[in-house]
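If you want the building blocks of each chain, they are given just below.
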Amino acid sequence: MTRRWAWLFLLGAAACTEQATSPGVCPNFCPGGSIQVHDTIFTAIIERDSSFRGYAARSQGEGLAAADLPVVQSRPFFVLSTMITRLAPKSGDTTTVPISVDSARLRLSIVRRAKEATNLTLRLYLLPLTADSTSDFASLDPFFSAAAVDSVNVSDLLARPAIGDTATVRIWGDSIRTDSAGHILQIARSDSTLVVYFSLDTTQAPFSVPDSGRVAFGVRVTADSLASIRLGANESVTNGPVMRWFYHYTDRDSAMTVKADSALRAPRFDSFVFDPPNPPLDDTTLVVGGAPSARSLLRVAMPAFLHDSFDVVRATVILVPVAAVQAAPSDSFTILVRPVLTDLGAKSPLSPATEAFGRVVVHPGSSDTLRFELTDMVRSWAIDTTFATAFFLGQIPEAASFTEIRFYSSRVSAFRPALHVTYVKRFPFGEP
Amino acid sequence: MTAGRPGGRTAAVVMGLALLAPAVGPSGRLAAQDSQFGIRGLGTPGKWESVRSRSAGGAFAPFDAFSPLLDASLADVRRMSASVTSGTSWRTLDAGGAGASLRGTRFPALVIGGPLAGRVVIGGGFTTYLDRTFGIITHDTVDLRGTPQPITDEVSSDGAVTDLRLAAAVRLRPWLAVGAGFHLLTGSSRIIATRRFADTAYRTSSARDEVAYEGSGGSVSALLDLTRDLRIAGWLRSDTKLRADVNGRTAAESDLPLSYGAGAMWRVGGRAVVAGSVAWHSWAGAGPNAHDTFNWSFGTELGPVGSPLRLGIRGGQLAFGVGQTPTEVGYSAGLGRQFSGGRGRLDIGVERLQRKGTGLTERVWTFLLGLTVRP
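Residue numbers (my numbering), protein chains in the order written: chain A, 5 to 436; chain B, 273 to 647.
Hint data in this document are derived by calculation from the structure and do not stem from the laboratory.
A couple of the hints might just be wrong.
Said to hold, decoys possible - Partner residues are not named here, just some residues of chain A that face chain B (Cβ under 10 Å, in silico): (1) Cys30; (2) Tyr59; (3) Ser143; (4) Val246; (5) Arg318; (6) Asp380.
As the structure is a computational prediction, the values presented were derived from the model and not from experiment.
Heads up, the beta-carbon is just placed ideally off N, CA and C, and yes, glycines get one too.
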């Protein structure tokens, strides 16, 4: 009997699948309750907003702004680290011999530029070794007014054909573009970064033994228009300036052999100066960006009803700029919105929860209202009332540019920040 | 004696499996047969019938001890016995051109009964009182932030109101049995309401909660043998209000019906039995889309008792539906087979239902499988 009827059990087991969902024919054959969505702009719940400057100094950014625009001039500079002046010819030698520097090759990386710029030229200037974080545009301007030690027309190099023969690729790792003065240009494979090499002799890059080989350079950029670029800084790890010193020395062995070698040196300090400087902070505006970098803290008084019976499906912060950002179009930047872990004012620790971040790109020349999508952040506030309902606006990357944007603060009632929330009312469970 | 022992073990194992099957099944699967007509009401009322009864159109339910309709029929249970019912349905919907195919497996009834003392028999079990399992998907466009946004809403409910019955029956005279039962209505449904936006700037909103149901009822019934071959039955049941609680708060309270019915069974010779029954339910007070219902059924059981062939037809009305009272017509057939010397019985059946209401026609094929064991 068991075998005879076993197929019934198998059939029953096979049929144990569920498909209970069908297209609804509403309202006659749909549940009585419905999902209702509402949309509200809260104009007065962003309050106690403030701006603070000094989170990152100009020397701490991952980029160095260089610009020659009608509205601003910006000039990067850097001081190279000390270089060896003597060396031991053989490992284990206790006596050293002096080195004699023959030439140097300086590498600069252009990590951002206006592709429409023509005759984009970099000029290299020698600066005093005293250039540091206290230097400003005026104090360094005389040195930038002197004769340049070298210059390269990047636009011209870009227009030249790439050289990709075997020998070139073996030495440089990739194809290059070069000019008659020995400048080399490579285009990074990973992005659009331009890597420019300057070949400098000892008059252009003087090697001073008393200064332990330290040398300082400044960079100016010019172009027919849109002369605004960003050089990689030492803080970018891979795109900072690098000097390769070529030298020779005499091994005092029986044959007095002359040997050649080279050594790399990165900057011990790099920064940039610009004019005019960023205006001071004031109560009526919220400032984001600039150098040293400024951030703005906005606090949100969450309405109680958003905590209880509503599901936030979209939340947008609306900020009205005071004016358009004055810079080249290529100087667009990102504003990153990060929630705070706890509200301690300017020093509030920032949340590492990347899913709650919001961001928007600011385009110079546009004074349009900016909208930041902060849905995940506001949803987390609605779910967990222990979260601090405040967030910071910061520039990405910070302190790498003179560009900053100013928004009206909550003290300007007509243009104060607002929160636009779209939410779904709680479904009426239990009602037939 | 020697031959009976293996059969007894088989029956015990089968009974164990039968009892275990509903327990290990997914929760919320103790429902009967869902219907779109129940969505705008309290749910889809269950059929208080075993596979044997349902294969004969439900006509034998008043006389079948393992159909949880009448308490008095328990009086015929001579030994401790149990019966479980399962059904798998394939349902097609036709709503003015919009159609869908659905399927589901349910364990709508379990009955256990046995003699207590003397002529008193007690029994109990569960059956589906109201099925609350459904899922609805709708598409629409709403205006958000000044822009039309396509949306998709999905509301799904998984659960049922279960009737837990404790009943007793006694045969007062050889020709008269009476019974009474207490019914605890309990259960829950997990409801998930989800709205999805085509624009990914809007997050999906999903709310879920569990609605707990509670109610109670009582029933009385009697079986009267007019002749040796003719038996009639009558029953009355009254249920209180059904309370729906969400997080301990009463969200709704609905009146439950007064139900009553009658049936007659005629044994035609030794190899045929015919039966018919009628039932009324006063569901109209249960809500705006509820209706009083009248249902009838007629069926027959042909052939030997150990392996009968069953045929049946049923008709009537559905309790819930917008507009006119929906109607239901069904045809069914089935087979039964005793095994292990009569200690167990396997019943299979197939049922075809057609439900019609304002704007919707449902057609359902249901495969039924029932197991009754008497260890």
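Once the shortest beta carbon distance from A/Arg318 to chain B is found, is it less than 10 Å? holds (5 Å)
Hold the hint about A/Ser143 up to the distance rule: shortest CB distance to chain B must be less than 10 Å. violated (49 Å)
Once the shortest beta carbon distance from A/Cys30 to chain B is found, is it less than 10 Å? Holds. Min distance 6 Å.
Once the shortest beta carbon distance from A/Val246 to chain B is found, is it less than 10 Å? violated (43 Å)
Just to be careful: measuring from the Cβ of A/Asp380 to every Cβ in chain B, is the smallest value less than 10 Å? holds (8 Å)
Grab the minimum C-beta distance from A/Tyr59 to chain B and call the hint holds if it beats 10 Å, violated otherwise. violated (30 Å)
In summary, the numbered hints that this structure violates are 2, 3 and 4.
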